[in-house]
Amino acid sequence: VQEKDTAWFVKFCVPWCKHCKSLGTLWEDLGKEMEGADEIEIGEVDCATDKPVCSKVDIHSYPTFKLFYNGEEVTKYQGNNLFIYFVV
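Heads up, the sequence shown stops at 88 in full-length UniProt numbering, and the numbers go up one at a time, no gaps.
For the record, the hints were derived by calculation from the structure and aren't laboratory data. Glycine residues also receive a C-beta, built at the ideal position from the N, C-alpha and C atoms. Watch out, some of these pointers could steer you wrong.
[What the hints assert, rightly or not] DEER-style ranges, computed between Cβ atoms:
| # | residue 1 | residue 2 | range |
| --- | --- | --- | --- |
| 1 | ALA48 | LYS4 | 25 to 33 Å |
| 2 | LYS18 | SER55 | 19 to 27 Å |
| 3 | TRP16 | ASP38 | 18 to 26 Å |
| 4 | GLY24 | GLY71 | 15 to 23 Å |
| 5 | GLY43 | LYS21 | 24 to 32 Å |
| 6 | LYS21 | GLY71 | 28 to 36 Å |
| 7 | ASP50 | LEU26 | 15 to 23 Å |
| 8 | GLU28 | ALA48 | 15 to 23 Å |
| 9 | LYS18 | GLU39 | 15 to 23 Å |
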C-alpha cells in the first residue's frame, strides 16, 4: 500500500463473516479486471490472521473496503454496488 502514485482498493474481512462470504468471487473478479492497470491495485487483508494491520487502519466491522493512495487512506467505502461507486 506504500507504492508511490498507486491507489490500493483493499477489502478487510474475516473467514467467519457471512457478508464476506457472500461476496463470492466478486473481489477476485475485480482483481482480474484491474490487472495491468498501473494506477490501481486490488488487495485483501484477512483480519483474523493480520490483526495488527487491521487495528492500524481502524477496522471494526466486516467487510470493510478502503481506498489508499501513496500509503494514506483516502476514503472508506460505505454503501452498495461496489463496482458502480468505486470502479466504474
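So, going through the hints one by one against the coordinates:
1. Look at ALA48 against LYS4: about 30 Å separates their beta carbons, and that is inside 25 to 33 Å.
2. Remark: the range hint 19 to 27 Å for LYS18 to SER55 is upheld by a beta-carbon distance near 23 Å.
3. For the pair TRP16 and ASP38, the supplied restraint of 18 to 26 Å is violated, since their beta-carbon distance comes to about 35 Å.
4. The hinted window of 15 to 23 Å between GLY24 and GLY71 is violated, with their beta carbons roughly 30 Å apart.
5. Roughly 18 Å separates the CB atoms of GLY43 and LYS21, a value that falls outside the hinted 24 to 32 Å.
6. For the pair LYS21 and GLY71, the beta carbons lie near 29 Å from each other, so the given range of 28 to 36 Å is met.
7. Separation of ASP50 from LEU26 is about 21 Å and conforms to the stated range, judged on CB atoms against 15 to 23 Å.
8. The supplied range of 15 to 23 Å is met by GLU28 and ALA48, whose beta-carbon atoms lie about 19 Å from each other.
9. Distance hint check for LYS18 and GLU39: the Cβ-Cβ separation is about 33 Å, which falls outside the suggested range of 15 to 23 Å.
Violated hints for the displayed structure, listed by number in ascending order: 3, 4, 5 and 9.
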